[in-house]
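Student: Going down the list, the sequences are from chains A and B. Using our numbering, the letters of the first sequence correspond one by one to residues 1 to 475. Using our numbering, the letters of the second sequence correspond one by one to residues 476 to 821.
In short, the hints are calculated from the structure, not lab data. Remember, it's a predicted structure, so these values are computed and weren't measured experimentally. Misleading hints may appear alongside valid ones.
Unchecked claim - Among chain A residues calculated to face chain B with C-beta under 7 Å, some are:
#, residue
1, V61
2, D124
3, I192
4, E196
5, A396
6, V407
7, L426
Just so you know, even glycine gets a beta-carbon here, dropped at the ideal spot from N, CA and C.
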Amino acid sequence: MITGWSDQVIFGVTIVSWVVIGSGMAQTTVYLLQLVIAGYALSRRPPVARSALLWRRYVDVAPPIALIVPAYNEELNVVESVHSMLALEYPNFEVIVVNDGSKDQTLGRLVDAFQLTRFERPYDDVLTHQPIRGLYSSPMTERLFVVDKENGGKADAQNAGINVCRAPIFCVIDGDSILEPDALIRAAQPFIDDPERTLAVGGTIRIANGSRIESGRVKEIHLPTRLLPLFQVVEYLRAFLMARLAWSRINTLMLVSGAFGVFRRAEVVAVGGFTKGSMGEDLDLVIKLHRYMIDSKRKYRIEFIPEPVCWTEAPESLSVLARQRSRWQRGALECFFRYRSMLFNPRYGRVGFLGFGHILIVDVLGPIMEVMGYILMPAFWLLGILSFEHFLAFTALVFTYGVTVSVCSLILEEAELRRFPRARDLAVLTAAAVLENFGYRQLNNIWRVKGYWQYLRADQNWGEMTRTGLSGSPK
Amino acid sequence: MLSFIWTTSIALSALSLAVMLLLILRRVLHQRRTIDDADGRKRLLEALIRFSGDSDAGALQRAIGSVRPHVAVDSGFEFLALLRGDEHARIVGILVESGLASHIMAQLKRGNEAARIHAAEMLAVLPPEPGIAELSAALDGDRSREVRIAAAISLCDLGSYQPLQLVLGKIGVRGQRSRRLIELFSRFSSERVGELTAFAVREDEPSFVRAAAIEALARTGDLNLADFFRHAAGDPSSDVSAAAIRALGTTGHPDVGAIVAEAMASKHWEVRADAADAAGRLGGVEMIDALVGLLDDEEWTVRYSAGRAIRQLNTTGLDTLRRLASSDSSRTQRMASLVLGEGQAA
Chain A
1 MITGWSDQVI FGVTIVSWVV IGSGMAQTTV YLLQLVIAGY ALSRRPPVAR SALLWRRYVD
61 VAPPIALIVP AYNEELNVVE SVHSMLALEY PNFEVIVVND GSKDQTLGRL VDAFQLTRFE
121 RPYDDVLTHQ PIRGLYSSPM TERLFVVDKE NGGKADAQNA GINVCRAPIF CVIDGDSILE
181 PDALIRAAQP FIDDPERTLA VGGTIRIANG SRIESGRVKE IHLPTRLLPL FQVVEYLRAF
241 LMARLAWSRI NTLMLVSGAF GVFRRAEVVA VGGFTKGSMG EDLDLVIKLH RYMIDSKRKY
301 RIEFIPEPVC WTEAPESLSV LARQRSRWQR GALECFFRYR SMLFNPRYGR VGFLGFGHIL
361 IVDVLGPIME VMGYILMPAF WLLGILSFEH FLAFTALVFT YGVTVSVCSL ILEEAELRRF
421 PRARDLAVLT AAAVLENFGY RQLNNIWRVK GYWQYLRADQ NWGEMTRTGL SGSPK
Chain B
476 MLSFIWTTSI ALSALSLAVM LLLILRRVLH QRRTIDDADG RKRLLEALIR FSGDSDAGAL
536 QRAIGSVRPH VAVDSGFEFL ALLRGDEHAR IVGILVESGL ASHIMAQLKR GNEAARIHAA
596 EMLAVLPPEP GIAELSAALD GDRSREVRIA AAISLCDLGS YQPLQLVLGK IGVRGQRSRR
656 LIELFSRFSS ERVGELTAFA VREDEPSFVR AAAIEALART GDLNLADFFR HAAGDPSSDV
716 SAAAIRALGT TGHPDVGAIV AEAMASKHWE VRADAADAAG RLGGVEMIDA LVGLLDDEEW
776 TVRYSAGRAI RQLNTTGLDT LRRLASSDSS RTQRMASLVL GEGQAA
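One chain only, chain A, in its complex shape:
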């Protein structure tokens, strides 16, 4: 029973609270829908066979792939990463490391480790990028090439790699990430099974913090011992196993991660490659590909498959994580507003309605509404303007549905993929899936609102991404 406030105030507060609750309901509905579609997709697509079988099956028909690895100040990990990439199980690939004007010894370490020498290699200068200072090859392996160029950012380095590569398909991967040995042959599968339509394939990114890594390989999988990366394990499960798998199923996948994505070169070149200076260059590229293919009325598929795995290091400190999340938010906003004409545009069908609708609800409106709710809903209730039912509904949307979605992502993982080796890991992750909704989720939304603010101020700073290195030594 609400008493002591004028009707106008109560009416105004009720409107505001319904807007907040409505936004939360829309987000939750999207998540539950994704869960259902992802569950269906996983049940229809059981885990693929062992990599040895895939090798035998595909060795003669696997297309050549160029691995493009932009590296900026990666002296700590670069040699180990390149060694692990050269040891990938794939019949026909080359590794192109693009040293993006590193200020440290990235190039020097590569030159020493692989006895690199300068050489000439004609390439199609079809995408623009900062000048290339030199190309290097190694007498130790014919698979490795290094491009040394002026600094121009990640997208610029990737574009240089695309120019230099000759394979019809390329794979982008971060210099400090580790690909599972069979990741390429698994990711190449759609390009073999449906080569005419498959345009891009994304694989799973998993968090390596806590795992035992030796010689550029994840030898033993363990969960992170610290809380922050542990929460990110759950978050990545939700993002990959639920969201991407679901959208992939209905060919509305809007993001193939720049940390591990495989693309057909011709179409990427046709859309101008990665957009330089973009905060979300991977999201931007996929949107451009959707637009290009729909505009040219061609049938295509942009797929996510969960089996190929790329390991990455998650931020362990709040400040680094905050910078990363703010940057991701700026990237999402930038792409949304850059391609806003596609939103709810019938010409772009599912991409315009579901893909862009999802970005609108989850990335554009979501964080603002939720943070508004954190402040206003308890305040309204404590002041006696808002009924307890409204407050309870908001609590349900922020906390309890959050628990449901996170735990259900874990259920999908365990029911279909079982990639966490111990039962104890599952128990710890279940606890994390519950706990992350009480504090971590809220922090995340605050960082995203900060990203909003930076976007509005046109702040293009990437922020320093401090890493300790997957091999464990400080960087």
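Position chain B against the provided structure of chain A, taking the given hints into account.
Tutor: Only chain B this time, still in chain A's reference frame:
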């Protein structure tokens, strides 16, 4: 409405937690089995290695009997992939005697998609009977096109061929987009080459499948197919034409110069690029003028292929590139210069 949101959220989160707890319990039980299977696999692989030395069939059969069938099948066939000849045949015999064939056939019927594909592949290693009947049934009725393709390939491996048109019909239109078709076509025996060539010239069939047929034919290295490739090089479909030009680059033909030169003028850049590559491989100096013309092509890939092809023409090619590289600045001059400067590693 508001209380419904709350109540539903509590019910759903409680339900999800309960399911997760059940899955954790299942994992606890499963963990023991996983360890046992890993031990069993190790024991069986050791027994297989010992068998290579002492040929003690009884010991191997006991080792197979001591592990669960799926462990025996996986480990056994993984080991078989490393073997050829008599030893391969003897181990296959023991696996069949141990009753594993029926397990594989059950997998082909009731396993998930990955298991069914694997089962189809394993049946190709076993004696034809009763594998052929099971594989034919899978080709006829399996709901997955990948399983149907695997079954078709295994049937060819077992020497059981069905008419190509019939097989493609059973694989279905969606399955006909896969590059695995090349694997299937490559398994066609030499007596069935005519069937493949007849199919590849049918303009009403999908060009992707026709190109796959030509690629498989090129892999046979049969010089008698040169005339067929020459004919296919003039196909209106760029996929088919490019595949035929690539094939000609491998097999050669008395009139190859004229055919490749004609292909270099194709309106499709893929065909022009493949024609330039073929010219380089064949080493025909008489094609040098046409190749020089392609150094000014609109498409970079064509220009580069032409440049590399000219470089492959030994002294004449190198002299031509040097002359072009020192001429006035142009697209041709730049490409000649780039190709000349290209390192061996490129």
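Student: Next step is simple, just say for each hint if it's right about the structure.
Tutor: For each hint, the structure was consulted:
Look at V61 (chain A): its Cβ gets to within about 4 Å of chain B, closer than 7 Å, so that hint holds up. At a threshold of 7 Å, the smallest CB-CB gap from D124 (chain A) to chain B is about 4 Å, leaving the interface hint in force. A distance limit of 7 Å between C-beta atoms decides the matter here; for I192 (chain A) the minimum to chain B is near 5 Å, and the interface restraint holds. Because the beta carbon of E196 (chain A) sits about 6 Å from the nearest beta carbon in chain B, less than 7 Å, this interface hint is met.
At its closest, the beta carbon of A396 (chain A) sits 4 Å from a beta carbon of chain B; the interface hint therefore holds under the 7 Å criterion. Look at V407 (chain A): its Cβ gets to within about 4 Å of chain B, closer than 7 Å, so that hint holds up. The beta carbon of L426 (chain A) is positioned within 7 Å of a beta carbon in chain B (closest approach about 5 Å), and the interface hint is therefore held.
Consistency with the previously given hints is maintained throughout, with no hint failing.
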